[in-house]
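What follows is the residue order along each chain.
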Amino acid sequence: MAGNVIELQNIYRTYNLAAEPVHALQGVSLTIKQGEYVAIMGTSGSGKSTLMNIIGCLDKPTSGHYILDNQDIVERNDDELADIRNRTIGFVFQQFNLLHSMSAINNVMLPLVYASMPPAQRKTRAELVLNELGLASRMGHKPNQLSGGQQQRVAIARAIVNNPRILLADEPTGALDSHTAKEIMQLFGRLVDDGMTVIIVTHDPETAANARRIVRVKDGKIQEDSATGISHETAH
Amino acid sequence: MLGIVIGIASVITLLGIGQGAKVEAEKQVQALGVNLIYVRPGAANLSSVSQGQGSSATLTYDDAQAIKDNCPAVEDVAAQYNSGFQVQYGEQNTSTSVVATEPSYTEIRNFYPAKGRFFSLNDMKESTRVCVIGETVATNLFGEENPLRKQILIRGELFEIIGVMEHKGVTQMMDMDDQIFIPLTTGYATLVGLNTVTGRSVKSILVRGVEGEDMQAQFQITNLLRLRHNIQSPDSDDFTIRTQSDIMQTAQSITGVFSLLLGATAGISLLVGGIGIMNIMLVSVSERTKEIGIRKAIGAKYSQILSQFVIEAVLMSVTGGILGIALGVAGATALSQLAQWTTIVTPFSIALSFCVSLVIGLFFGIYPARQAAKLDPIVALRSE
Numbered sequence: 130m131a132g133n134v135i136e137l138q139n140i141y142r143t144y145n146l147a148a149e150p151v152h153a154l155q156g157v158s159l160t161i162k163q164g165e166y167v168a169i170m171g172t173s174g175s176g177k178s179t180l181m182n183i184i185g186c187l188d189k190p191t192s193g194h195y196i197l198d199n200q201d202i203v204e205r206n207d208d209e210l211a212d213i214r215n216r217t218i219g220f221v222f223q224q225f226n227l228l229h230s231m232s233a234i235n236n237v238m239l240p241l242v243y244a245s246m247p248p249a250q251r252k253t254r255a256e257l258v259l260n261e262l263g264l265a266s267r268m269g270h271k272p273n274q275l276s277g278g279q280q281q282r283v284a285i286a287r288a289i290v291n292n293p294r295i296l297l298a299d300e301p302t303g304a305l306d307s308h309t310a311k312e313i314m315q316l317f318g319r320l321v322d323d324g325m326t327v328i329i330v331t332h333d334p335e336t337a338a339n340a341r342r343i344v345r346v347k348d349g350k351i352q353e354d355s356a357t358g359i360s361h362e363t364a365h
Numbered sequence: 002m003l004g005i006v007i008g009i010a011s012v013i014t015l016l017g018i019g020q021g022a023k024v025e026a027e028k029q030v031q032a033l034g035v036n037l038i039y040v041r042p043g044a045a046n047l048s049s050v051s052q053g054q055g056s057s058a059t060l061t062y063d064d065a066q067a068i069k070d071n072c073p074a075v076e077d078v079a080a081q082y083n084s085g086f087q088v089q090y091g092e093q094n095t096s097t098s099v100v101a102t103e104p105s106y107t108e109i110r111n112f113y114p115a116k117g118r119f120f121s122l123n124d125m126k127e128s129t130r131v132c133v134i135g136e137t138v139a140t141n142l143f144g145e146e147n148p149l150r151k152q153i154l155i156r157g158e159l160f161e162i163i164g165v166m167e168h169k170g171v172t173q174m175m176d177m178d179d180q181i182f183i184p185l186t187t188g189y190a191t192l193v194g195l196n197t198v199t200g201r202s203v204k205s206i207l208v209r210g211v212e213g214e215d216m217q218a219q220f221q222i223t224n225l226l227r228l229r230h231n232i233q234s235p236d237s238d239d240f241t242i243r244t245q246s247d248i249m250q251t252a253q254s255i256t257g258v259f260s261l262l263l264g265a266t267a268g269i270s271l272l273v274g275g276i277g278i279m280n281i282m283l284v285s286v287s288e289r290t291k292e293i294g295i296r297k298a299i300g301a302k303y304s305q306i307l308s309q310f311v312i313e314a315v316l317m318s319v320t321g322g323i324l325g326i327a328l329g330v331a332g333a334t335a336l337s338q339l340a341q342w343t344t345i346v347t348p349f350s351i352a353l354s355f356c357v358s359l360v361i362g363l364f365f366g367i368y369p370a371r372q373a374a375k376l377d378p379i380v381a382l383r384s385e
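First to last, the sequence lines map onto chains A and B. My numbering puts the first residue of the first sequence at 130, with every later residue one more than the last. My numbering puts the first residue of the second sequence at 2, with every later residue one more than the last.
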């Protein structure tokens, strides 16, 4: 079961902006196995956001190969990428990015809408996930009626509702106080224990320390790729 | 959306006015009589000088008799000579149109007395001094008084009123109620006098054709009158024949142009409304760029974003359309109540307006929706 979920082979990404082309990624190769808990670190401008966008299938590499879940991503069109994002990847953002006009449960159901799941099943599935995350009593609330931690948990519920292989979190604790941040990180730990692949993109060493493997990016290249020494609490 | 509301409201109201005008015009033409054919003296071209219809006295009472006796496609004939005269009763006097005609007039014009009777063939034979007055004349001269059996002076000649006509209103720009009817023979004896050249000339001959044989009647009358007036080819007719279907066609083409103009006006306001919808949607797309980015990140496809925004545009436009229909129906009703115009809002025009608002939403929604669906998710997510 511990196959490679993500295989990046010699990825280059060049932006042709204004006068000079910007080389955001310059030959990145990275392999992530099913069930790994990885932190991608780097300062702003290091290329970590570009790397995250490519892993998340929001962007395509200029050259190189990307094999996600045994599928080559590079040749896919926009609609196929949307479908892959919908089924294979769950996104968690720093600013939660919930839709403010919708209640918590409607936010969570949204990926299922795009997956064309029948309405009755959507509701059952979304309720199940929100229950698991301790939000049973908050389902009908709009995001502005929820605390930051609750909003981030709704966002995580939305990310995992469609059973993705990968959870991709961009500075997930950046907008939270340290206590709430800890809760969220514990939640990620539980998801990893349940077999999900979790990738956190952060510049914060404390957040990164929760992961079991840290990939440091600098100047568009991988500078360091190391284990943190934290072992699987429920190691098999 | 206000643009759509106003646009649809004007479509409904203007179509209502157009339809009302059309029905009103048809009603007026129908009111002229049944299978009516007009024969008038004069033609557009008489001895190379253009003269209007009725400008010469080429038709006579004998022509009318001949048409009645000789044309198989003609059912009945009423010759008439009308002229304006001063009419007096006691202190009251009024100026009105006096129509000297035959008893067959009532049936041909579909116009009957409400009180008393019309003059008879016997009155014609005896040239009795009787008259039948229109509703307006009755009101002007008698007010509340009963006019029957009263004596009035028409250009100083004494006449007895034997009937009052029913209300008919205005048809073909002429107030049918502001007339006095006298026997044609009495008219020749007292008011008109005989023309030394043509004898008993008439201003027009009303003919009722046999049902469905308009064309034959027209043909037979033309041949007969050319023969009687001794007109040889290539000389043109010295009379003009107009059938009811000619008049109907004219009326319909006028109301058709009228409706087209109104429709074009309404169409322009709809176009403006559609552009308004497009602008609102473009603003909405740019305000909701972040939302679009989020939706794309969690897996919305191009077509899913596209349909979301198209549906929003259509909903907006259809809501505007429904409001516009309500406003338009109210406007049409108000116009007919306040301005006494005939307006008819048909289910067809409501259905049409609804469909038009739907199509406008679709058409003007597609461009902004495409803009939304084409957004790059990374750029959209980054926006605030």
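Bear in mind the hints are in silico, worked out from the structure with no lab data behind them. Quick caveat, the model's predicted, so the values are computed rather than measured. Positions of the beta carbon are idealized from the N, C-alpha and C atoms, including for glycine. Worth double-checking, as some hints may not be accurate.
[Claimed, not checked] Here are the simulated distance ranges between beta carbons:
1) B:PHE364 - A:GLN223: 51 to 61 Å
2) B:ALA265 - A:GLN274: 25 to 35 Å
3) B:ALA265 - A:SER230: 33 to 43 Å
4) B:LEU3 - A:SER230: 20 to 30 Å
5) A:GLN224 - B:GLY264: 29 to 39 Å
6) A:HIS270 - B:GLN341: 50 to 60 Å
7) B:ASP377 - A:ASN260: 33 to 43 Å
8) A:ASN260 - B:PHE364: 43 to 53 Å
9) B:ILE312 - A:SER276: 32 to 42 Å
[To be verified] With a straight-line Cα cutoff of 20 Å, these simulated SDA-like cross-link-like pairs (lysine to any residue) come out:
10) B:LYS169 - B:GLY144
11) A:LYS189 - B:TYR303
12) A:LYS189 - B:LYS375
13) B:LYS69 - B:ASP215
14) B:LYS291 - A:LYS347
15) B:LYS302 - A:ASN206
16) B:LYS291 - A:ASN235
17) B:LYS302 - A:ALA244
18) B:LYS302 - B:ALA381
19) A:LYS347 - A:SER173
20) B:LYS291 - B:ILE269
21) B:LYS302 - A:LEU228
22) B:LYS375 - A:ASP212
23) B:LYS375 - A:GLU204
24) B:LYS291 - A:GLY303
25) B:LYS375 - A:ASN206
26) B:LYS302 - A:PRO272
27) A:LYS189 - A:GLY303
28) B:LYS302 - A:LYS347
29) B:LYS302 - A:ILE289
* Numbered hints the structure breaks, given as an ascending list -> 1, 2, 5, 14, 20, 26, 27 and 28
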